[in-house]
Structures are given as C-alpha cells and as structure tokens.
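In case you want the letters, here they are:
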Amino acid sequence: EPEVTQTPSHQVTQMGQEVILRCVPISNHLYFYWYRQILGQKVEFLVSFYNNEISEKSEIFDDQFSVERPDGSNFTLKIRSTKLEDSAMYFCASSEGLAGGLSTQYFGPGTRLLVL
Amino acid sequence: AQKVTQAQTEISVVEKEDVTLDCVYETRDTTYYLFWYKQPPSGELVFLIRRNSFDEQNEISGRYSWNFQKSTSSFNFTITASQVVDSAVYFCALRPNNAGNMLTFGGGTRLMVKP
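Note that the protein sequences, when read in sequence, are chains X and G.
If you're matching positions, the first sequence starts at 2 in this note's numbering and goes up one per residue.
If you're matching positions, the second sequence starts at 3 in this note's numbering and goes up one per residue.
Honestly, the hints are just simulated from the structure, not real lab data.
Please note that a few of the clues may not be correct.
[Unchecked claim] From the derived model, a few chain X residues whose C-beta atoms are all more than 10 Å from chain G: (1) Ile21; (2) Arg23; (3) Ser28; (4) Glu45; (5) Asn53; (6) Ser74; (7) Thr77; (8) Lys84; (9) Met90; (10) Ser96; (11) Leu99; (12) Gly101; (13) Thr105; (14) Arg113.
[Unchecked claim] Pairwise CB distance ranges (calculated): (15) X/Ile55 - G/Phe49: 22 to 30 Å; (16) G/Pro43 - X/Gln15: 41 to 49 Å; (17) X/Glu69 - G/Gln10: 45 to 53 Å; (18) G/Thr33 - X/Ser28: 25 to 33 Å; (19) X/Glu2 - G/Asn54: 22 to 30 Å; (20) X/Asp63 - G/Ala3: 14 to 22 Å; (21) X/Gln15 - G/Asp20: 22 to 30 Å; (22) G/Tyr66 - X/Ile21: 20 to 28 Å; (23) G/Asp20 - X/Glu69: 31 to 39 Å; (24) X/His11 - G/Thr74: 27 to 35 Å.
For glycine and all other residues, C-beta sits at the position ideal for the given N, C-alpha and C.
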C-alpha cells in the first residue's frame, strides 16, 4: 500500500540554524500539506501546496517557513532560523484531491524536531 | 471559524469493555467532511474514517463504529470489545467544503486499554 514517507525521523538542531524536513507524498496525489504537533498538544495546520504554489497557510506559517517541491517526488519544509518553540513533531500529508474520497489526507510518520 | 472539541482528554478501560470517544464540532459551512485519526505510541497518524456531512448513515467496520448526528454536531466513535492494541490517542478532525483544505483537529482523547 502506498504511503507518505518522511526523513529524517528525528532531528536535533541549535537555535538559529536552518533545517529542512523532507517528505515523499503518495505518487498520484496532487495536494500536499504540512502540520505540526507540539508535544502533548493538538495537530495544527501549517500549509497546503498544489500545482507548485502555496494554496493556503496558517498564521503559524510565517516568513521563517517555506515549502518547495524541488523535483517530481519530494516536498520539503524549510525553517530558516529555528527557535526553541519550533520544537515539535512535523507531519507531512497528501491527498489525491479535495472532493469526496479524494480529500482524505494521508499522513507520514512525522519528523520530531528538537531545537536546543 | 471551525472548531472541534474532544471533551474527554483521557479514558481508561479494561480489555473487552466498550468505549465511546466523543467529538463535537462547529462550522458555519453546510457541507463538510469529518475524520477520525489514530495516533499510536509510535507517533504516526493513521486514517480511520471520513464522513461527508450529507451522509448521516452510521458506519461499522469490525469493532469500530461511528455515530454521526448532524442535529447535535457530533461524530462519536465507539470501539467494541476493546483490546490493548487500541491504546492510542484518537483525533477527530473537520474540513469544511468551502473553506480551503486544512484539517482542524480536536485536542485528542488518549485511550488506555488495560489487560
């Protein structure tokens, strides 16, 4: 069964450093998403991406964040200058479309980011 | 604005008991999708079910069943004859049809099934 994959599974970084989180969405999916979950809290939407453009973003997704689809398979989230409060589990998700059964978002296993 | 409330933060049951996880949502949209996801201790988010707002039929899948009641804005999840492997955090989520494609999650319910 096709699945979303994410690398790395864990990342530790120093405050102020740049990090890139990588995702490979399910191959026939067209919509890609990033969510984050601070430890013990709810899952929060960051951004959605379609047709090589951001289609929607939340207030959390400020200028420190960017997303990119550098090739036909990868989808990346970059945090330019990490802060302590960026420590969280970051989930990538993808969906085939937006309507009906196509709208289901399938999540990757997550990248746990720790900023020291 | 959308909101999903899972009032039960933690539930503990003994194996073989039935358990219901509550989910109440708020949206001004007339059409929307509701979801349940399971997050086992390993941390991934596993899709369980999607329900369209115009389909109020209850659904059963093995030991899992879902009760969608539009009149009370609820989408409750019942596990029958719970097993230790059901121990996880369960999230209810909402996506209105006309408000973008972001999922709004509830706070989650941690279910602990003891042997």
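Hint by hint, here is what the structure shows:
1. Ile21: For X/Ile21, whose nearest Cβ neighbour in chain G is about 20 Å away, the distance exceeds 10 Å, so it holds.
2. Arg23: holds, 16 Å
3. Ser28: Per Cβ check, X/Ser28 is outside 10 Å of chain G; nearest 17 Å; holds.
4. Glu45: X/Glu45 not clear of chain G: closest Cβ-Cβ about 7 Å, inside 10 Å.
5. Asn53: Fine: 16 Å to the nearest Cβ keeps X/Asn53 off the interface.
6. Ser74: Correct as stated: the minimum Cβ-Cβ distance to chain G is 20 Å, above 10 Å.
7. Thr77: holds, 19 Å
8. Lys84: The claim holds: X/Lys84 sits with its nearest Cβ about 22 Å from chain G, beyond 10 Å.
9. Met90: violated, 6 Å
10. Ser96: violated, 7 Å
11. Leu99: Given a closest Cβ separation of 5 Å, the condition is violated.
12. Gly101: The claim breaks: X/Gly101 does not keep its Cβ more than 10 Å from every Cβ of chain G (closest is about 7 Å).
13. Thr105: violated, 5 Å
14. Arg113: Given a closest Cβ separation of 7 Å, the condition is violated.
15. X/Ile55 - G/Phe49: 22 to 30 Å: Since the Cβ atoms of X/Ile55 and G/Phe49 sit about 24 Å apart, the hinted range of 22 to 30 Å holds.
16. G/Pro43 - X/Gln15: 41 to 49 Å: Violated: the Cβ-Cβ distance is about 29 Å, outside 41 to 49 Å.
17. X/Glu69 - G/Gln10: 45 to 53 Å: violated, 39 Å
18. G/Thr33 - X/Ser28: 25 to 33 Å: Distance hint for G/Thr33, X/Ser28 holds at roughly 29 Å.
19. X/Glu2 - G/Asn54: 22 to 30 Å: Roughly 23 Å apart at Cβ, these two residues keep to the hinted range, so it holds.
20. X/Asp63 - G/Ala3: 14 to 22 Å: 20 Å Cβ-Cβ, so the 14 to 22 Å window holds.
21. X/Gln15 - G/Asp20: 22 to 30 Å: With a Cβ separation near 49 Å, X/Gln15 and G/Asp20 fall outside 22 to 30 Å, so the hint is violated.
22. G/Tyr66 - X/Ile21: 20 to 28 Å: violated, 37 Å
23. G/Asp20 - X/Glu69: 31 to 39 Å: violated, 47 Å
24. X/His11 - G/Thr74: 27 to 35 Å: Check failed, 41 Å falls outside 27 to 35 Å.
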